Amino acid sequence: MSTKDNQLPLWEVFIQSKSGNPHKHAGSVHASDKNMALQNARDIYTRRGEGRSIWVVLSENIAASAPEDEAELFDPADDKVYRHPTFYRVPEGVKNM
Amino acid sequence: MTEEEKLTRFNSKIDKEEKIEPKDWMPDAYRKTMIRQLSQHAHSEVIGMQPEGNWVLRAPSLRAKKILLAKIQDEGGHGLYLYSATETLGIDRDEMIQQLHEGKAKYSNIFNYPALTWADIGAIGWLVDGAAIVNQISLQRTSYGPYSRGMIRICKEESFHQRQGYEIMVTMMNGTPEQKQMAQDAMNRWWWPSLMMFGPPDNDSSHTKQSMRWKIKRESNDVLRQRFIDKTVDQAHFIGLTVPDKDLKFNKSTGHWDIGKINWDEFHEVINGNGPCNKQRLAHHIKVHNEGRWVREAAMAFAENETRTKKELVTH
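If you read the protein sequences in the order shown, they are chains A and B.
Counted from 1, the first sequence has number 51 at position 51 by the numbering used here; the numbering is strictly sequential.
Counted from 1, the second sequence has number 1138 at position 138 by the numbering used here; the numbering is strictly sequential.
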């Protein structure tokens, strides 16, 4: 017996928990179109008031950096301590800086 | 990077308690084990809706019915979180369902037992979800990122499942002699299968050692089982239920409850397809899956049609 059939395209779900917060990845759903993806995301990921806004995007449309590129991409930031305020010495007595 | 260097890096991540993420390199055996465990967990959530679904139309009050519906909806949701986490390992949903239908993927043995009376709904919530929670709390620290995040979410939602089950048992134990008898009978039938949910004893468990090394599992079957027993025995006694084990004894030197022998022959019988409801559970899943096929096809046809219409509007 073959059960091979169409489980509908995969969408990634991002939920904003409250106004002002960023949308955060929650998981994925299967749906035939945007509207169904939003509906399914609401039913699956916001049963207890976890959200006030949902984004869905087709999984195949997401490009992600490769784990093996991690060092190449992000290490250059490590030796730029002068990008942090604590790098600078402020003369004693100077306030509100 | 050579395979060996990749493996060293992988192992050092595990040692440092870092999570393995979907795009990270992982040994084939890790991926395979993870798919097996995660899909089995997902299938369990979904199949687990069946014994409880049996009681939705016969719940004794509107309050009880609403609670039961919410719990079953959660189980469906949990199945979907876990399918979604499994898909990050490169297996698609079709294949997982096919494996379930062909008997290649398992689901938790416990759902091959029937829910005979309303007290069973109490016993399932209290004992079955109680056992699942002990296991899932431990799995919040599993090494695979998506699984760990799923477990954290599921544990948050499940705490009401066990409480609603215990509440049913409390209510029945405060009821008529017949109701008390019904609660005790459910306890008698669900106690041992709940203990079996943690899997075979550590020295017989083929997967435990490697899974512990990879931190897929964080604690052994026997450790988790004992934790569940210690929590649950007192809860049973508190409401006047007898644990159906004549050898049950509190061990003062270890501080744990010692139990009698678990009937592992029964466990293997049920795993091998000879439990009371194995055929019924799978047949129901296959039937509903096939009945839903036209809906999925229609939804896709509609979506394709919409896209085509839009394109035509743009070009004309």
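FYI, nobody ran anything at the bench for these hints, they're computed from the structure.
For clarity, every value in this text was computed on a predicted model and none was experimentally measured.
One should not assume that every hint holds.
[As the list claims (entries may be wrong)] Pairs of lysine to aspartate or glutamate residues, derived as DMTMM-like cross-links and limited to a Cα-Cα distance of at most 20 Å, are as follows: (1) B:Lys1287 to A:Asp5; (2) B:Lys1311 to A:Asp33; (3) B:Lys1104 to A:Glu68; (4) A:Lys34 to B:Glu1021; (5) B:Lys1209 to B:Asp1015; (6) B:Lys1215 to B:Asp1092; (7) B:Lys1013 to A:Asp69; (8) B:Lys1215 to B:Glu1095; (9) B:Lys1013 to A:Asp5; (10) B:Lys1006 to A:Glu68; (11) A:Lys24 to B:Glu1021; (12) B:Lys1016 to A:Glu68; (13) B:Lys1006 to A:Glu70; (14) B:Lys1065 to B:Glu1157; (15) B:Lys1156 to A:Glu50; (16) A:Lys24 to B:Glu1297; (17) A:Lys34 to B:Asp1230; (18) B:Lys1311 to B:Glu1291; (19) B:Lys1066 to A:Glu70; (20) A:Lys34 to B:Glu1266; (21) B:Lys1006 to B:Asp1024; (22) B:Lys1261 to B:Glu1306; (23) B:Lys1023 to A:Asp5; (24) B:Lys1023 to A:Asp33; (25) B:Lys1019 to A:Glu70; (26) B:Lys1279 to B:Glu1297; (27) B:Lys1023 to A:Asp43; (28) B:Lys1013 to A:Asp43; (29) B:Lys1006 to A:Glu12; (30) A:Lys34 to A:Glu12; (31) B:Lys1032 to B:Glu1095; (32) B:Lys1310 to A:Asp43; (33) A:Lys95 to A:Glu70.
Hint check, failures only: 3, 4, 6, 8, 9, 16, 17, 18, 19, 20, 22, 23, 24, 26, 27, 28, 29, 32 and 33
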